[in-house]
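Could you build the full structure based on these sequences and the hints that come with them?
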Amino acid sequence: MTKNIILTGLGIFVLAVLSPFWFNMVTTTQAKPSPELLGKAKTEKKCVLDKYDMRANHMSLLDEWRDSVVRDADRMYTSANGKSFNMSLSTGENSCLGCHEDKAKFCDSCHTYASVRPYCWDCHTNPKEIE
Amino acid sequence: MNQKYLIPLTAVFLLFLVAYTGVEGAGLQWFFGFVFPYVALVIFVAGFVYKVLGWAASAVPFRIPTTCGQQKSLPWIKQNAIDNPSTSMGVVVRMILEIFLFRSLFRNTKAAFNKNVSNRLSYSWEIFLWLGALAFHYAFLVVILRHFRFFTSPVPSCLQFLEKLDGIVQLGLPGIFLSGVVLLAATLFLLARRIFDAKVTYISQAADYFPLFLIIAIAATGIAMRYFTKVDIIGIKTLTMGLATFSYVIPEGVGGLFYAHLFLVSILFIYFPMSKLMHMGGIFLSPTRNMANNTRMKRHINPWNYDVDIHTYEQYEDHFREKMIEAGLPVDKKE
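Chains A and B are the protein sequences, given in the same order.
The first sequence begins at -10 in this note's numbering and counts up one residue at a time.
The second sequence begins at -2 in this note's numbering and counts up one residue at a time.
For the record, the hints were derived by calculation from the structure and aren't laboratory data.
Idealized CB from N, CA, C, for every residue including glycine.
Careful, some of the hints might be misleading.
[Stated by the list, open to error] A few chain B residues that don't get close to chain A, going by computed Cβ distances all over 12 Å:
1) Phe28
2) Val42
3) Thr63
4) Pro72
5) Ile213
6) Phe317
7) Lys330
[Claimed, not checked] Now the in silico label distances, taken between C-beta atoms and shown as ranges:
8) B:Ile192 with A:Ala20: 23 to 33 Å
9) A:Glu118 with B:Val197: 51 to 61 Å
10) A:Met43 with B:Leu102: 16 to 26 Å
11) B:Ile165 with A:Ala20: 25 to 35 Å
Next comes the structure, spelled out in structure tokens:
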């Protein structure tokens, strides 16, 4: 009797430990995303920071921008390559989404894959969605 | 300085350096990122099963529950059905409370001399070990569950909900996860307890410090990657998804810190079945907790009792009857 209970528990534990393997066998696995540069971003080719820095630190940059805009009303950002940018996520041509036109294909593809849910969109709207 | 914690500390540093330099210097990504995690997992599962089967095969001849309350007695005496269970239902409740709330640690006491003139030895309730242990175990559980986001794609909504709860304070970007902070703080507290409390230092061995240092290093490297040095998370997820689907993927641009983190986790997996960490399986099998105290209601026969060759009085009398009659001793059967 007790032997059976122990073996059942042990079986459940081993199944739980090996769950990454069988879970991916019984469900269809989404492949790695490849974020697309579309529209303006494709021709511009120059972002606020260089590609790898942007990939790692875009969230910190946006955090600093938010504080700068909301607290100091300072909306101009001059990047290391000498270009000036309007500190805005979604308003106007010179904002993040003004250049990276497709939020779903640019922002969301990686965020969804890595299960990151930025709270940007709790307040901001995607301009494409309003039209 | 105490070698009982210096040796494990050095060992964890060396293990970190082995993976870091192995990847950064020797380019052994294939080993630390693909081969070794599988080796660790096989050793972990096989070792865990071996240990539990060994315990399951051990004889438990006696009922030895620790009794922490009134046992079942006369009908007008109130029984403590959980702390001194007489039924399997009571045992189940007791085990659930022990596993999820660590009640035996909650009762922890400390012995110390009174600080006044009397200077008497007295025992007082000491709750901080229980608090630290509870914080550590639950934080570690949440951290492990959260890591399933690297092994599932799309990530199940229950995991996303857990991440949402864990990141509920929305502090900074990337948003802080409470479990990571609590995990590091709790392990540091448990380590400080071992180092600074003289009575605990005295009974602490290298095997007590090593897992603490290892988990601290794992938490620290994880936190460093998420909040400070930053890593290519998409690249890392292609590697971990490759591990989960048995395909060899080594992404470019993922540095030694990630491989060091993965290597330390693999070491934890290997170390697990051969160490005190096996209390994870052992708590379910502790005879002082998982047995009902019903020795006065049921007869429990020792399973390895053999038939003892006994010599009854009848046999004795048959043997010596004539001599007994001759000597005038009384006998049951006259002939």
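Given as non-interface: B:Phe28, partner chain A, CB spacing beyond 12 Å:
20 Å, holds
Are all C-beta atoms of chain A more than 12 Å from that of B:Thr63?
19 Å, holds
For the pair A:Glu118 and B:Val197, does the Cβ-Cβ distance stay inside 51 to 61 Å?
Holds, at about 59 Å.
Assuming the hint says 16 to 26 Å, is it satisfied by the Cβ distance from A:Met43 to B:Leu102 or not?
48 Å, violated
Classify the label on B:Phe317 as holds or violated, using whether its beta-carbon is more than 12 Å from each beta-carbon of chain A.
Given that every Cβ of chain A is farther than 12 Å from that of B:Phe317, nearest at about 48 Å, it holds.
Quick one: work out the minimum CB distance from B:Lys330 to chain A and report holds if it exceeds 12 Å, violated otherwise.
47 Å, holds
Holds or violated: is the Cβ of B:Pro72 farther than 12 Å from all Cβ atoms of chain A?
The claim holds: B:Pro72 sits with its nearest Cβ about 29 Å from chain A, beyond 12 Å.
Between the beta carbons of B:Ile192 and A:Ala20, is the distance compatible with 23 to 33 Å?
48 Å, violated
How does the Cβ-Cβ distance of B:Ile165 and A:Ala20 compare with 25 to 35 Å: does it lie in that range?
Given range 25 to 35 Å: holds, Cβ gap about 31 Å.
Non-interface label on B:Ile213, tested against every C-beta of chain A at 12 Å:
Its Cβ never comes within 12 Å of chain A, the nearest being 23 Å, so this holds.
B:Val42 remote from chain A - nearest C-beta pair above 12 Å:
Given that some Cβ of chain A is not farther than 12 Å from that of B:Val42, nearest at about 6 Å, it is violated.
Checked against the numbered hints given earlier, this structure breaks hints 2, 8 and 10; the rest are met.
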